[in-house]
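Novice: Here's the letter readout for the chains.
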Amino acid sequence: MGKPIIQVRGLSKRYRLGTLSASSLRDDLDAWWSRATGRPYEIERRADPRDHWALRDVSFDVEPGEVLGIVGHNGSGKSTLLKILSRITEPTEGEALLRGRVASLLEVGTGFHPELSGRENIFINGAILGMKQREIAAKFDEIVAFSEVGRFLDTPVKRYSSGMYVRLAFAVAAHLEPEILIVDEVLAVGDAAFQNKCLGKMKDVSRQGRTVLFVSHNMQAVSTLTQRCLILDDGRLDFDGPSAKGTLRHLGRHEAKGTEYLAPPEAEAAQEPGQHEGEPRIVRVNLVTSEQGGIQIQGKELSVEFTLQTVKPLTRAMLSFQICDSNGLAVIEQWVFDAQLPLCREPGRQSLACVIPRLRLFMGRYHLKVSLATTQGNTLLQTLDHLCPFEVVMHGIDREWPWQPDSCQYIEDGVWKAS
Amino acid sequence: MSPPIEVRIRSGNAWNVPLGEVWEYRDLLRLLVRRDFVAKYKQTILGPLWFILQPLLMTLIFTVIFGKVARLSTDATPHILFYMCGLLGWNYFSLTANSICNTFTANEHLFGKVYFPRLIVPLSLLCTNLFTFAIQFALFLAFWIYYKWLGAAISWDASLLLLPLILAQAGVLALGFGLCVSALTSRFRDLLIAMALVFQIWMYATPVIMPLSEVPVRWRWVAEINPMTAVIENLRRILLGIGTPSFSGTALSLAVTALILAAGLLLFARAERNFIDTI
Chain A
158 MGKPIIQVRG
168 LSKRYRLGTL
178 SASSLRDDLD
188 AWWSRATGRP
198 YEIERRADPR
208 DHWALRDVSF
218 DVEPGEVLGI
228 VGHNGSGKST
238 LLKILSRITE
248 PTEGEALLRG
258 RVASLLEVGT
268 GFHPELSGRE
278 NIFINGAILG
288 MKQREIAAKF
298 DEIVAFSEVG
308 RFLDTPVKRY
318 SSGMYVRLAF
328 AVAAHLEPEI
338 LIVDEVLAVG
348 DAAFQNKCLG
358 KMKDVSRQGR
368 TVLFVSHNMQ
378 AVSTLTQRCL
388 ILDDGRLDFD
398 GPSAKGTLRH
408 LGRHEAKGTE
418 YLAPPEAEAA
428 QEPGQHEGEP
438 RIVRVNLVTS
448 EQGGIQIQGK
458 ELSVEFTLQT
468 VKPLTRAMLS
478 FQICDSNGLA
488 VIEQWVFDAQ
498 LPLCREPGRQ
508 SLACVIPRLR
518 LFMGRYHLKV
528 SLATTQGNTL
538 LQTLDHLCPF
548 EVVMHGIDRE
558 WPWQPDSCQY
568 IEDGVWKAS
Chain B
508 MSPPIEVRIR
518 SGNAWNVPLG
528 EVWEYRDLLR
538 LLVRRDFVAK
548 YKQTILGPLW
558 FILQPLLMTL
568 IFTVIFGKVA
578 RLSTDATPHI
588 LFYMCGLLGW
598 NYFSLTANSI
608 CNTFTANEHL
618 FGKVYFPRLI
628 VPLSLLCTNL
638 FTFAIQFALF
648 LAFWIYYKWL
658 GAAISWDASL
668 LLLPLILAQA
678 GVLALGFGLC
688 VSALTSRFRD
698 LLIAMALVFQ
708 IWMYATPVIM
718 PLSEVPVRWR
728 WVAEINPMTA
738 VIENLRRILL
748 GIGTPSFSGT
758 ALSLAVTALI
768 LAAGLLLFAR
778 AERNFIDTI
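Chains as they are written, first to last, in our numbering: chain A, 158 to 576; chain B, 508 to 786.
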């Protein structure tokens, strides 16, 4: 491999917070005077509380043909980095060297004029994104076919549905042929089928040896599309490495709430609804996911650990838990009876665990609902809901068609054969 | 594939006007002009009519107030033609300059999302406003023919060939001035509010409502520092055959125009680099 196509060295960007005031005008004059008199004006030396470094000393290289994911929370500096690389704003310090034509899709439909027809807008949008008119004309049919708005080509885009608008806009962008393509959050729009088409197009682009910088909140997309990712945190480069690792790390930080539930002290416990003094209680629930920070890879082992506290022994106890999806709908139930495993027969603490060897739940967010009951008179003693939130992801499980959320509830083993 | 391009992004290469890049993006310039033109006329039924109505009304007002009431001299030319000719030149300048002043504020959204040489936008405005000029010129022509037919003392000669040059000067001046103001508005937004007033005062400081010959000779140089003075005077000279444009006045005007253009280009190049942070 030759030279890196993108070289970023010590890139920093400072923003001035607050409104423009007389003092900023004075600073301007100061700076100007220093320059005019040949005195070096060290703006950096003058630490100012209004200064905010959106990006601080970020360095990385990107090889040609690489698809690089850029991940970070809001305000971590992702957008600033993209803005600098797409030449919308300048860095305060450091430099970036780009060896190729850059096209950035920080938004689709830039420069679309509502009064103009789809056809006219294709040309304008293409030109704004840096295409020559000749190039656009050559690709025109392809763009129209990709956008699926053929019939409405001569209708002003103000009459388009938002879906059509986005499809047309992305179609233009997807047919740019830059050496470096910068994509931000474009996939957050459009329906699932179109999103898949976009993801497919991005894969094609990288297969053609072009370099893609991809910024997204969709960790699934980042891990599917990219091999390497950067994590930005508070303007600094926090991680640079394999995407599978990076996205898990990022998700893990997001889910820092923890997957362990500890019961409040005794006194408060007595006030919980349905909880009577002296009855056994669940004092701890701990979810052990396959990855740290409440991230579970689909198809891997998941276990739930319980600690029960018994004061007055109970007969015929039953412990159960449900895994509920983000709508609160229970999708899995597991239970254990006193007959299988002695429960709450003696005063004191007791620990037990349930292991699910292969969790088949599809990607999404889930939580636990735990209940303690006795089959003697079928009495429910305690119910705890919304415990141990976790997320199931499809990382490392590749298929040609990208994974889409909500396409199913769980994945069953199945064998296909010709018949 | 095109030859490898290297773009170095860093802070500091301040006073660099990216003219080469503007040429690279000439297709965009053409499409933007087309877009603005088409959009303007698709939106309003009155579209082109408005550009006729405005100078007509202004001419009427000037004729009544300055011609009939104040009885200012129009160098023995029909009032209507005199004012219309002055407004023809002034309108092209002020409409263009005014729209260019808004370059950053009006395109904030576009500039915040994609890079292209920002200079393309003011240049496209320069071209779009030529259409307005053409419409107003046609109106002027109609009146000119009518008055000629009535027997007014107006005439054309070979100097008419200089019309494009005078127009070009007005355009360049509008560009330079507009660029200066737009560059400053990226930091000081209130400037835009002041602009309406500035253009109004500027118009009265320019011999639109009266000929330069009405200005006492010893103060004429003051009026001639205003580069629009020579533009209007020259325009009247070639379109109506009146006025007293001097060579020194024209030369001074050209020099000031060049100066304003240079200042505009430099200030704009400086402002475009990170205006998006301050706006």
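It should be emphasised that the hints constitute simulated quantities derived from the structure, not laboratory data. We put the beta carbon where it would ideally sit given N, CA and C, even for glycine. Some clues are possibly wrong.
Selected chain B positions facing chain A (in silico; Cβ < 8 Å) [what the hints assert, rightly or not]: (1) LEU538; (2) VAL540; (3) ARG727; (4) ALA770; (5) LEU774; (6) ARG777; (7) ARG780.
Novice: All hints are to be evaluated individually against the structure, with a verdict given for each.
Specialist: For each hint, the structure was consulted:
no., hint, in the structure
1, LEU538, "5 Å, holds"
2, VAL540, "11 Å, violated"
3, ARG727, "36 Å, violated"
4, ALA770, "15 Å, violated"
5, LEU774, "13 Å, violated"
6, ARG777, "11 Å, violated"
7, ARG780, "5 Å, holds"
Comparing the model with each numbered hint stated earlier shows that hints 2, 3, 4, 5 and 6 do not hold.
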